[in-house]
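Student: Work out the full structure: start from the sequences and follow the hints.
Heads up: the protein sequence lines correspond to chains A and B, in order. If you're matching positions, the first sequence starts at 17 in the working numbering and goes up one per residue. If you're matching positions, the second sequence starts at 5 in the working numbering and goes up one per residue.
None of these hints come from the bench; they were simulated from the model. Check the hints yourself; a few may be wrong.
Cut-off 20 Å, straight-line C-alpha distance, at most; resulting in silico cross-link-like pairs (SDA-like, lysine to any residue) [as the list claims (entries may be wrong)]: (1) A:90 to A:78; (2) A:90 to B:237; (3) A:90 to B:228.
Stretches of chain B that chain A covers, calculated by requiring three or more beta carbons in the stretch to come under 8 Å of a beta carbon on chain A [unchecked claim]: (4) 224-237; (5) 275-284.
So the derived label-pair ranges between C-beta atoms look like this [unchecked claim]: (6) A:86 to B:115: 51 to 61 Å; (7) B:215 to A:85: 15 to 25 Å; (8) B:115 to A:74: 56 to 66 Å; (9) A:99 to B:163: 27 to 37 Å; (10) A:146 to B:37: 52 to 62 Å; (11) B:186 to A:99: 38 to 48 Å; (12) A:86 to B:185: 54 to 64 Å; (13) B:115 to A:99: 46 to 56 Å; (14) B:143 to A:30: 24 to 34 Å.
Using N, Cα and C, we set each Cβ at its ideal position, and we do this for glycine too.
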Amino acid sequence: MRIEARNITCRAGRRLILDGVDLAFGTGEMVGLIGPNGAGKSTLLRILAGLRPPEGGTVTHDGNRLTGRDLARKLAFLAQGGEVNWALRVEHLVALGRLPHRRFGPPGTDDLRAVENALAAAEVTELRDRIVSTLSGGERMRVLLARALAVEAAILLADEPVTALDPYHQLRVMELLRAQADGGKGIVVVLHDLTLAHRFCDRLVLLDRGRIVADASPREVLSDARTEAAYGVRLLRGRTGTEEYVLPWERVAARNKQDPQEGNS
Amino acid sequence: MKARLAMPAAGLNAALAVLAVLACGLSVALGYAPLDLGQALRDALAGRESIEALVLTEIRLPRAVLGMLVGFSLGLTGAAMQGLLRNPLAEPGVIGISGMAALGAVAMFYSGLAGAFSLALPLGGIAGALIATILLFALAGRGASMTTLILAGVAINSFAGAMTSLALNLSPNPYAATEIVFWLMGSLADRSLDHVWLVLPLMLAGWGLMLAAAPALDALTLGEDTATSLGFNLMRLRAQLVLGAALAVGSAVAVTGAIGFVGLIVPHLLRPLVGHRAGRLLLVSGFGGALLVLGADSLTRLLPVRPELKLGVVTAMIGAPFLFSLIWRLRREA
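Tutor: Shown next as structure tokens:
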């Protein structure tokens with residue numbers, strides 16, 4: 017499965033949120049979508065997920081344009097914020113991931129197997145009888161991840177899944193996503209934490225003011241010049257064993273504050 | 005595992021359905037005139053127009069059947085609205101349908117048509133519900149948010165309330181005003197089988213539309229984006245539920261007047277029994293609503309208060325304290 021977005025343009029009122037974005041990704045890779053607040057990351061992810069139509073450009077799935085249930089079976093979306101409105105039991109919540117496959121009637125054996133696998137993959141099997149509202153933030157995010165995995169889609173798009181979590185759960189959720197990519201899924205994850213993005217992703221896409229300014233390996237994308245221009249932040253670089261790591265360390269004066277529409281109108 | 009995930013609401017539905025049928029039987033058995041039910045049933049089935057048969061088919065049966073239909077409509081619509089708006093305080097009237105249906109009936113009183121033919125009131129009510137639906141689609145149709153839908157409901161409700169007050173204010177004589185006020189309180193008394201045949205197809209269509217939305221309401225538990233990502237079209241869902249509510253509640257109000265609180269408290273009481281699943285709550289709430297309305301209507305006849313209390317008054321007296329306790333509980337949980 018390969019998703020290709022071509023020349024995506026999106027506006028909110030007169031403001032240009034995305035300006036001619038091209039992005040392609042497929043199964044078996046973990047892509048980090050990064051960029052400062054307001055860069056258009058969530059909007060791009062929602063367009064890729066088919067949740068809102070772009071004003072311009074196309075999104076194709078293996079060359080076709082899928083919608084509705086056809087798309088829902090192939091692409092799972094993990095929303096930002098973790099909204100759950102009723103006091104559902106965990107296993108019932110996870111079973112909602114089967115809705116693209118079966119809407120009415122009792123769950124089939126494939127549904128039950130998918131729910132079991134998803135509970136196990138997100139390491140929440142022991143929470144299955146708990147009520148969602150009694151879970152901690154980290155547990156809740158893993159349960160919501162299990163819900164997304166229960167779809168058994170080839171692609172998973174996750175909007176800031178670790179932003180509100182403690183360091184332990186940030187690592188745990190990133191490891192779970194990494195394991196999914198290693199198992200053959202395509203993952204696109206919106207991240208603010210550059211250390212995690214650098215460490216866990218195969219590839220980073222840096223958005224700045226509605227445009228992709230870099231799309232390459234984490235090491236290439238998080239160069240000093242790019243992070244200073246996009247974030248106004250200088251990274252501290254280090255090494256532990258064979259692995260390099262980065263850490264946002266200090267603000268620099270020269271953050272480019274130009275509004276994107278000025279270059280366009 | 006299988007049994008737990010599949011844990012059917014079937015048992016609960018069956019139990020509530022049996023109770024609703026029993027309540028229906030109780031309603032038929034209750035009345036002011038003594039009636040030999042066996043004799044009445046035999047006469048009615050044999051086509052003999054005896055007094056007993058007439059009491060059964062013209063008075064008792066329409067009242068019981070309408071109680072069932074109206075209660076089912078209110079309970080089901082309440083559950084559907086709470087699911088759609090993801091708010092336990094939503095109720096069937098929240099989108100303005102019932103207010104406009106009541107106004108439609110009031111217009112029939114005011115114009116004098118109510119006295120001209122017996123189905124004028126329900127037809128007026130249905131026309132009111134229809135106008136409300138058109139207004140809702142115009143105000144909160146394509147591309148509008150759920151908030152817009154609620155605001156449109158508030159606007160339509162206040163308009164309907166204002167017009168109803170105007171009709172009372174300008175009513176030609178005190179008797180007409182009293183008639184309107186009493187009708188607005190809601191009652192199942194003195195309805196005929198014609199009323200049943202008028203609203204039955206509309207209600208069935210409305211129930212079908214709402215029950216078919218069960219999976220989408222389940223998905224909506226996780227928010228609008230997630231529901232869309234699960235393959236549901238939320239614009240279609242909203243249109244489907246508004247139309248379903250209009251058909252079911254519009255016709256319910258048209259024949260009985262306003263019966264409050266049923267659509268609010270029934271889904272709320274039954275929600276824990278279906279594991280808080282919005283889709284499963286629909287049918288269960290329908291049966292629960294039928295049970296509550298039939299029970300309350302039987303109560304109006306059992307209570308030694310004359311003149312008979314209006315059904316809407318009894319449900320309000322049961323419902324209002326419940327609402328207080330609900331708010332108190334929500335406050336503690338927050």
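Student: Give me the numbers of the hints this structure contradicts, sorted from smallest to largest.
Tutor: none
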